[in-house]
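Undergrad: Following the hints, complete the assembly by docking chain B onto the known chain A.
Line by line, the protein sequences are chains A and B. If you're matching positions, the first sequence starts at 1 in the working numbering and goes up one per residue. If you're matching positions, the second sequence starts at 1001 in the working numbering and goes up one per residue.
No lab work stands behind these hints, which were simulated from the structure alone. A few of these clues could be false.
Stated by the list, open to error - Computed from the model, here is a short list of chain A residues facing chain B with C-beta under 8 Å:
id	residue
1	Q28
2	Y43
3	P48
4	N86
As the list claims (entries may be wrong) - As a list, the in silico BS3-like pairs of lysine-lysine whose alpha-carbon atoms are at most 27 Å apart:
id	chain 1	residue 1	chain 2	residue 2
5	B	K1358	A	K3
6	A	K3	B	K1139
7	B	K1078	B	K1139
8	B	K1248	A	K32
9	B	K1139	B	K1164
10	B	K1248	B	K1406
11	A	K2	B	K1406
12	B	K1231	B	K1221
13	B	K1181	A	K2
14	B	K1181	A	K3
15	B	K1401	B	K1358
16	B	K1278	B	K1200
17	B	K1017	B	K1078
18	A	K32	B	K1401
19	B	K1248	B	K1373
20	B	K1200	B	K1358
21	B	K1383	A	K32
22	A	K2	B	K1231
23	B	K1181	B	K1164
24	A	K2	B	K1383
25	B	K1139	A	K32
26	B	K1231	A	K32
27	B	K1231	B	K1278
Stated by the list, open to error - Which chain B residues face chain A? A few, computed with CB under 8 Å, are given here:
id	residue
28	G1058
29	A1061
30	P1120
31	D1121
32	V1126
33	K1189
34	Y1199
35	S1202
36	N1328
37	P1329
38	F1330
39	F1360
40	Y1364
The beta-carbon is built from N, C-alpha and C at its ideal position, and this holds for glycine as well.
So the chains spell out like this:
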Amino acid sequence: MKKFLLLIREDITNDGNTTDESFHAGIQAMTKWVEELAESGNYLGGEPLQSEGRYVSKDFILSDGPFIESKEAISGYVFIQAENINQAVSIAQSCPEVTAGNILVEVRPIIEMEDE
Amino acid sequence: MNETDQEVQKQVNRLYKSHYGKMVSSLLYFSQSIDIESAEDIVQDAFTSALSYWQSDGIPANAAGWIFRVCRNKALNKIKQGEKVRGFFEDEDFSSIESRATESPIDDYQLKLLFACAHPDFSPKVQVVITLKYVANLKVEAIARILGMSIDGVDKLLLRARQKIREEKILFTEPDLLFMKYRIPIVHKIIYLIFNEGYKSSWGKEIIREELCEDALLMNKALLESGLGNKDTAALHAMMLFNAARFKARFGKDGELLDLEEQDRALWNRELILYGSKFLAQSQGGTISSYHYEASIAYVHCMAKSFHLTDWESISRLYKQLLENNPNPFVEMNYAIALYYAGHIQKALDILQQLQQKPFLNHYYLLNAALGKINLHEGNFEKAKAFFLKTLMQTDSQVEKDYVQKLINRMDS
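Just chain A, with the same shape it has in the complex (with noise of 0.2 Å):
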């Protein structure tokens, strides 16, 4: 098995535009489907992340940094463990929030460093 970081983006300019309803139906299918995920032995951990943060370089700090207005920003992440690329691109897929279209995963395999 490998490991993989799923990046959720999103357009965090919407929210607070989402009803309490369709939130909560939302969270719902999400904790089933992580469910599933750890049952099927890929769940490693996951969080969401908050839209305001800072952006830091060498030169300057910016507080609310260049993502605030972004159609892309990450919004949380999922670690999971899959056989390969493909399997862990297949258990994107299946994210709810994913075929509802309200967001997009980023797929990344972990650099795994190998025992000498």
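TA: Frame of chain A; chain B shown alone:
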């Protein structure tokens, strides 16, 4: 529908369940130029023909052979002239196929299909869906209902999967032993997930759930008998048997959900438990997989004379070991519950509180149900009620809602 028509319909349904995937895979083996989509069309057509012909002419003596023959003729029309074909179509002896099928519902074709479904490029969910379709021979509507998906969703998923199955050489060539060995862990996982789908309490008392568990057991048995299985296969078999043994006791006579404490242990199937122990013994001596731990946990439950006489200490130790190699917050919850009943109340509460902080888990109905029950036990009725009310919002399953409502009512009265 008159009696004959009903009889024909029943026979066709039975054959569909036992032969559908087998016929599809036979057609794929028969000719390279038949892809899985046209193979499925051919088999569907053949079953439709059977239904209408048999209603007027009666059911032939060799019913499966009849359908096989129709498939062959339709297939021959599809393929190029002079193309080399192979497989059972070369000899006309269908009776052998049929008699073999009655001995074991899962034959070599289906076993091969099972390994094809275990393609590492598919997510476990896709693997489960295609296995239900091609190995367990379930119709799309049934799969959608079982997995809580839309029919359209299942269709789309199958469409994508067919492409890969077509590329799968395993259906067209003799299976390579090394290759099969490599896929065995995935096959185990598929069988495990199918069994769990059938076993989940949220289903209620429906026949189809029990059939799913049976399908999983049959596949695993075929794996064991093929000689491809290993110690993990035996452990998985033991685990499924121990849980299947308790199947009937999980629901009351009105179909209501009964928790472990309320179950009538006299309804547990002693024979299945004994049979399971045989496999648990067989599974020893190699490396220890998660199936070994899960089987052992189920075994300890099966051996307990009553809920209170359960060896919770051993169960919590087994959960701890299981978690060491397979970190999983959902299993951690079960670990905490076992700790609670073993008398390690503070440690149990600490873990549950920690789990509550985790994303996804704070919206998980079973966690809130567990917290509710523990608070009920501890006499914190107000807290218990708050957790139960939260649970009611978080599950769509009516049997589970009824169960939680029952606990709330008990507190109120």
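Undergrad: Decide, hint by hint, whether the structure agrees.
TA: Okay, the hints, checked on the actual structure:
1. Q28: Hint holds; Q28 (chain A) Cβ to chain B Cβ min 7 Å, cut 8 Å.
2. Y43: At about 7 Å, which falls below the 8 Å cut-off, the nearest Cβ of chain B leaves the hint on Y43 (chain A) intact, so it holds.
3. P48: Nearest chain B Cβ about 6 Å off; hint holds.
4. N86: Given a least distance of 4 Å, the restraint on N86 (chain A) holds.
5. B:K1358 - A:K3: holds (20 Å)
6. A:K3 - B:K1139: violated (34 Å)
7. B:K1078 - B:K1139: holds (25 Å)
8. B:K1248 - A:K32: holds (26 Å)
9. B:K1139 - B:K1164: Distance of about 20 Å is within 27 Å: holds.
10. B:K1248 - B:K1406: holds (20 Å)
11. A:K2 - B:K1406: violated (45 Å)
12. B:K1231 - B:K1221: Distance ~13 Å between K1231 (chain B) and K1221 (chain B) Cα, so the pair holds.
13. B:K1181 - A:K2: Since the Cα atoms of K1181 (chain B) and K2 (chain A) sit roughly 19 Å apart, the hinted pair holds (cutoff 27 Å).
14. B:K1181 - A:K3: holds (23 Å)
15. B:K1401 - B:K1358: At roughly 24 Å apart (the allowed maximum being 27 Å), K1358 (chain B) and K1401 (chain B) satisfy the hint.
16. B:K1278 - B:K1200: Measuring from Cα to Cα gives roughly 25 Å; hence the hint holds.
17. B:K1017 - B:K1078: OK: K1017 (chain B) and K1078 (chain B) at ~25 Å, within 27 Å.
18. A:K32 - B:K1401: holds (17 Å)
19. B:K1248 - B:K1373: holds (23 Å)
20. B:K1200 - B:K1358: holds (23 Å)
21. B:K1383 - A:K32: Measuring from Cα to Cα gives roughly 25 Å; hence the hint holds.
22. A:K2 - B:K1231: This hinted pair holds, its Cα atoms lying about 24 Å apart.
23. B:K1181 - B:K1164: holds (20 Å)
24. A:K2 - B:K1383: violated (42 Å)
25. B:K1139 - A:K32: holds (24 Å)
26. B:K1231 - A:K32: violated (31 Å)
27. B:K1231 - B:K1278: Given pair K1231 (chain B), K1278 (chain B) holds - Cα atoms ~12 Å apart, limit 27 Å.
28. G1058: violated (46 Å)
29. A1061: Violated: closest Cβ of chain A sits about 45 Å from A1061 (chain B), beyond 8 Å.
30. P1120: At about 4 Å, which falls below the 8 Å cut-off, the nearest Cβ of chain A leaves the hint on P1120 (chain B) intact, so it holds.
31. D1121: holds (4 Å)
32. V1126: holds (6 Å)
33. K1189: holds (6 Å)
34. Y1199: violated (11 Å)
35. S1202: violated (10 Å)
36. N1328: holds (5 Å)
37. P1329: P1329 (chain B) check passes; min Cβ-Cβ to chain A is 7 Å, inside 8 Å.
38. F1330: Nearest chain A Cβ about 5 Å off; hint holds.
39. F1360: holds (5 Å)
40. Y1364: Holds - the Cβ of Y1364 (chain B) comes within 8 Å of chain A, reaching about 6 Å at its closest.
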